[in-house]
Every structure is written in structure tokens, then in C-alpha cells.
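Participant: Here's the letter readout for the chains.
Protein chains: 2
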Amino acid sequence: MDKVRIIEIKESVFADNDREAERLRAELKREKTFLLNLMSSPGSGKTTLLMRTIEALKDKLRIGVLEADIDSAVDAEKVATTGVKTIQLHTGGMCHLDAGMTEQGLKELGTADLDLVVLENVGNLVCPAEFDTGAVKNAMILSVPEGHDKPLKYPLIFTVCDVLIINKIDVLPYFDFDLDKVKEYAHMRNPNLKLFPLSAKTGEGMDVWLDWLQQEIKDWNQTT
Amino acid sequence: MDKVRIIEIKESVFADNDREAERLRAELKREKTFLLNLMSSPGSGKTTLLMRTIEALKDKLRIGVLEADIDSAVDAEKVATTGVKTIQLHTGGMCHLDAGMTEQGLKELGTADLDLVVLENVGNLVCPAEFDTGAVKNAMILSVPEGHDKPLKYPLIFTVCDVLIINKIDVLPYFDFDLDKVKEYAHMRNPNLKLFPLSAKTGEGMDVWLDWLQQEIKDWNQTT
Numbered sequence: 001m002d003k004v005r006i007i008e009i010k011e012s013v014f015a016d017n018d019r020e021a022e023r024l025r026a027e028l029k030r031e032k033t034f035l036l037n038l039m040s041s042p043g044s045g046k047t048t049l050l051m052r053t054i055e056a057l058k059d060k061l062r063i064g065v066l067e068a069d070i071d072s073a074v075d076a077e078k079v080a081t082t083g084v085k086t087i088q089l090h091t092g093g094m095c096h097l098d099a100g101m102t103e104q105g106l107k108e109l110g111t112a113d114l115d116l117v118v119l120e121n122v123g124n125l126v127c128p129a130e131f132d133t134g135a136v137k138n139a140m141i142l143s144v145p146e147g148h149d150k151p152l153k154y155p156l157i158f159t160v161c162d163v164l165i166i167n168k169i170d171v172l173p174y175f176d177f178d179l180d181k182v183k184e185y186a187h188m189r190n191p192n193l194k195l196f197p198l199s200a201k202t203g204e205g206m207d208v209w210l211d212w213l214q215q216e217i218k219d220w221n222q223t224t
Numbered sequence: 001m002d003k004v005r006i007i008e009i010k011e012s013v014f015a016d017n018d019r020e021a022e023r024l025r026a027e028l029k030r031e032k033t034f035l036l037n038l039m040s041s042p043g044s045g046k047t048t049l050l051m052r053t054i055e056a057l058k059d060k061l062r063i064g065v066l067e068a069d070i071d072s073a074v075d076a077e078k079v080a081t082t083g084v085k086t087i088q089l090h091t092g093g094m095c096h097l098d099a100g101m102t103e104q105g106l107k108e109l110g111t112a113d114l115d116l117v118v119l120e121n122v123g124n125l126v127c128p129a130e131f132d133t134g135a136v137k138n139a140m141i142l143s144v145p146e147g148h149d150k151p152l153k154y155p156l157i158f159t160v161c162d163v164l165i166i167n168k169i170d171v172l173p174y175f176d177f178d179l180d181k182v183k184e185y186a187h188m189r190n191p192n193l194k195l196f197p198l199s200a201k202t203g204e205g206m207d208v209w210l211d212w213l214q215q216e217i218k219d220w221n222q223t224t
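The listed protein sequences derive, respectively, from chains A and B. So in this note's numbering, spot 99 of the first sequence is number 99, and the numbers just go up one at a time. So in this note's numbering, spot 61 of the second sequence is number 61, and the numbers just go up one at a time.
Excised from the complex, chain A in its bound form (with noise of 0.2 Å):
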């Protein structure tokens, strides 16, 4: 596998995190780079979404990775076999990353030259929620293995992503797992939250998926 730079990030030493957040992106919107926050649970299928959403988009866009974990680097290495610029962010122990962590991976990977970065946040459903890293937008994946009830036992991640992306459908034969109740619980939690069911295994979906994140990023670089 490919080495991949390693980053130990440093905790923020930003009192206000939101405004933090703010001037991040208001810097990435003069650079035109889209940064797409994508949280989830540990093994909800995060990198190989995003590896399947590379392959589809490195054609048509120039893209970057930040992987955070508390540790190793599998993920990273993973990512980078598919020749986009990837670093590893190690959070030394922490569970999030708030705007001043990303800041430091994005001065790191550099991103002039690149029109979307994706940051693959800790997986963790509670703490990531809690902290505007100065993405454009925030997706979710929930795997069908995780049960259809997530909405009504951590609200606040379903509140603040725009896209919530039910992975895994290829598994839906072997789980007890209700499509309907799960659109339901998320929006009773964010009424605009937008689902896009897939497997990221199979491809099946993933269309839908590309084709919404293909026309924010327009969007983003037209809006003033």
C-alpha cells in the first residue's frame, strides 16, 4: 500500500469554534473548493463511499482527502490507492474535529488547487455533531446493519447534516431494517434532510448521490 503523510493535529485554541467556522469557509469559497463533512458510525461504509465517489469524480474534478482517526492509518492508505492527495489527521485521542483541526489538515493537504476536499470525520455519532468544521455541507451515512432507530437515539447528527445516506442496501434481505420508519424518525429530526439509500458496494444508488454533490458544488462556485 501507498505511505501516506501522517498529521497529529493539535487541539483548537479558538474560544468560538462557529466563527472560526465561518472564516474557513468563507476562505474556501474565495478559493472555490467545495469541503463535504461526511460522518458516520465506525463501519457504516465511510471510505468506501468515498472511494467509489472518487473514482466516479476524479475525471471531472480535482479532489483531496482528510482522513481523521485516533489512530493508524488504514484508511488513508486505502484512499490514496485511488491517486487523489489524501493525509491521515490523527486527533490524539479526540473524538471530533472542530474548524481550527480541519484548518490544520487543510494547510497541510493545500488546497488551491483543488476543487472539492472531503474530511472523513471520526466514526461517532455524538461528539463530530457537536462542532461546525467549516464544511459547505455535512452527509451522514447510516448502514442498514445499524437499525432503522438512530433518528430517535442521537438527534442532534441528523439535525445538522443536509444528506443522509443509507448505505448498504444490498444487505436489506438480512436485517430487519425499515426504509419508510428510518425517513420518517430522520424527519422528524431535520424536516430538509434529503436521503439517498445505496450501496456503495454494488453501486446501486450511487447516481443519485454523485448527481446531488456534483450540483453543489456548481452551486457553490456560482453563488457570490
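For the record, the hints were derived by calculation from the structure and aren't laboratory data. Among the hints, erroneous ones may be present.
A pair holds if it fits inside one copy or across any two, identical chains being indistinguishable in the list.
[Unchecked claim] Listed next, the in silico BS3-like pairs over lysine-lysine satisfying Cα-Cα at most 30 Å (straight line): (1) LYS181 x LYS78; (2) LYS181 x LYS85; (3) LYS183 x LYS85; (4) LYS218 x LYS181; (5) LYS183 x LYS201; (6) LYS183 x LYS107; (7) LYS181 x LYS60; (8) LYS181 x LYS32; (9) LYS32 x LYS58; (10) LYS10 x LYS194; (11) LYS201 x LYS29; (12) LYS181 x LYS201; (13) LYS29 x LYS181; (14) LYS32 x LYS183; (15) LYS29 x LYS58.
Take the given structure of chain A and dock chain B to it, following the hints.
Facilitator: Just chain B now, kept in the frame of chain A:
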């Protein structure tokens, strides 16, 4: 479904959590109550495993359950259908329980007449691992759909646990999950970690887990 009591627990005031945890453990020892701390990602099957465990043991042991979640009472309502004393703890957005928070729950539950209390911790592989709850033993669940690389990415939780339950082995044919690899990675983190591959849904492998738990409870009551 049965209505269950919901307790909003408060952030602990204790500076030294480890000392509080030791004190709580000593108190449980005097009462001959065994506290098991059950941790995992969201959706690994903690509640199902817990219900199957209760059903198998409730005629032999007096059992109580503390369900910790950010919001909702769905798990406590499910567990209460088994007939054991169950309380839902709301953490007020916090991603873990410490010893002081656990003690608040235990006091509400009342432990004097209980042999076994199971604390179902917040679904999260990061934060709960950092706090000793006062439990006699720590068990974690990793489910097959989550992937075998988790010990590489979330080291601490594998280090602090006594038992790793590999749940959902009934779906092994549908996922790229390597049981030998997960054993190798988990034992890198903790050579003493006991591994129990099982399916709480089909019952396969449950006996080994139940034997271990009953033996531990017996040992806890016999040693002084």
C-alpha cells in the same frame, strides 16, 4: 410497550474519576452486585444481546439494567419487556458515562436486591473507553458489518475491555470480515482480551458468553 422511568443524569462533580470508580466498585462488592459495562458502536446489537442474555439468566439471577442514551427511551422500553428492572439514563448530550453518572443511575435503580446490573453505555467507540464507570468487567461488541479493522482505528476501547463479543456472525457470508484478522488486531491491543464470536439473533455461540458471565459473577461473590 411498557413505560420506563427516564432519569436525566448530571455531569459529575468529582475531579478524580478513577478514585470514584474504585469506591463504587467496593460498594458493589459489599452488596454482592456485579456491574457489567457494555460498550459498542451504535447499531452493533447491544440491546438484542442484552435481551437474549437476560432471557437466559433471569431465572438464576436477579438482574437490573441501566440504558444510557443521548435521547429517547426505545432501548429501555424494549429491555423492560423482559420483566427486569430497567431505567433509561439521558446523558444530556454527553458521549459517555463516568463513575459518578453511573452511581446516580444505580441509586435510582436500587442495587441491594440485584445480582447483576448491566450498564448499556452510549453507542460510541471513543469516549466511553476513557472513563472507568466502576464496573467489575468491561465488555464490548463489534458486529460483523462494522469490519475487522476497528482495533487498529479505536485502540483504547480494545485495551480497556475484558471481553470482545463479535456479534452478527449469522451474516458473515455477506460481508468481507476476517475473523482471524480481528483476533490478531485485537490481541495486538490487548493480549488478555477474550473473544466470543456469536449471533444474538440466532443464538449461535451465546452459551460460551453466558458461561463466562456466570463464572465471573460467581468469582466476584466468592473472593473477598
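Participant: Each hint should be assessed against the structure and marked as holding or not.
Facilitator: So, going through the hints one by one against the coordinates:
1. Proximity of LYS181 to LYS78 under the C-alpha cut-off of 30 Å is restricted to the inter-copy arrangement: shortest distance 17 Å between copies versus 34 Å within a copy.
2. With identical chains, the CA atoms of LYS181 and LYS85 are at most 30 Å apart between copies only, with a shortest distance of 28 Å across copies and 39 Å within one.
3. For the homomeric pair LYS183 and LYS85, neither the shortest alpha-carbon distance inside one copy (35 Å) nor that between copies (32 Å) is at most 30 Å.
4. In this assembly of identical chains, LYS218 and LYS181 lie within 30 Å of each other by CA distance neither inside one copy nor across copies; the values are 32 Å within and 43 Å between.
5. Both within a single protomer and between protomers do LYS183 and LYS201 lie at most 30 Å apart by alpha-carbon distance, with minima of 22 Å and 25 Å respectively.
6. In this assembly of identical chains, LYS183 and LYS107 lie within 30 Å of each other by CA distance neither inside one copy nor across copies; the values are 37 Å within and 38 Å between.
7. When the C-alpha separation of LYS181 and LYS60 is checked against a cutoff of 30 Å, the pair qualifies neither within a copy, at 36 Å, nor between copies, at 37 Å.
8. Within a single copy, LYS181 and LYS32 get their C-alpha atoms no closer than 38 Å, and across copies no closer than 42 Å, so neither meets the 30 Å cut-off.
9. Taking identical chains as interchangeable, the C-alpha atoms of LYS32 and LYS58 lie at most 30 Å apart only when both belong to the same chain, with a minimum of 17 Å there against 61 Å between chains.
10. For a Cα distance limit of 30 Å, the shortest separation of LYS10 from LYS194 qualifies neither inside one copy, at 33 Å, nor across copies, at 34 Å.
11. Proximity of LYS201 and LYS29 under a CA criterion of 30 Å is satisfied in neither setting, with 33 Å inside one chain copy and 49 Å between copies.
12. Taking the shortest Cα distances, LYS181 and LYS201 sit within 30 Å of each other both inside one copy (23 Å) and across copies (21 Å).
13. When the C-alpha separation of LYS29 and LYS181 is checked against a cutoff of 30 Å, the pair qualifies neither within a copy, at 37 Å, nor between copies, at 43 Å.
14. Taking the shortest alpha-carbon separations for LYS32 and LYS183, neither the intra-copy value of 33 Å nor the inter-copy value of 45 Å comes in at or below 30 Å.
15. Only within a single protomer do LYS29 and LYS58 lie at most 30 Å apart by alpha-carbon distance; the minimum there is 20 Å, versus 60 Å between protomers.
Hint violations for this structure: numbers 3, 4, 6, 7, 8, 10, 11, 13, 14, all remaining hints satisfied.
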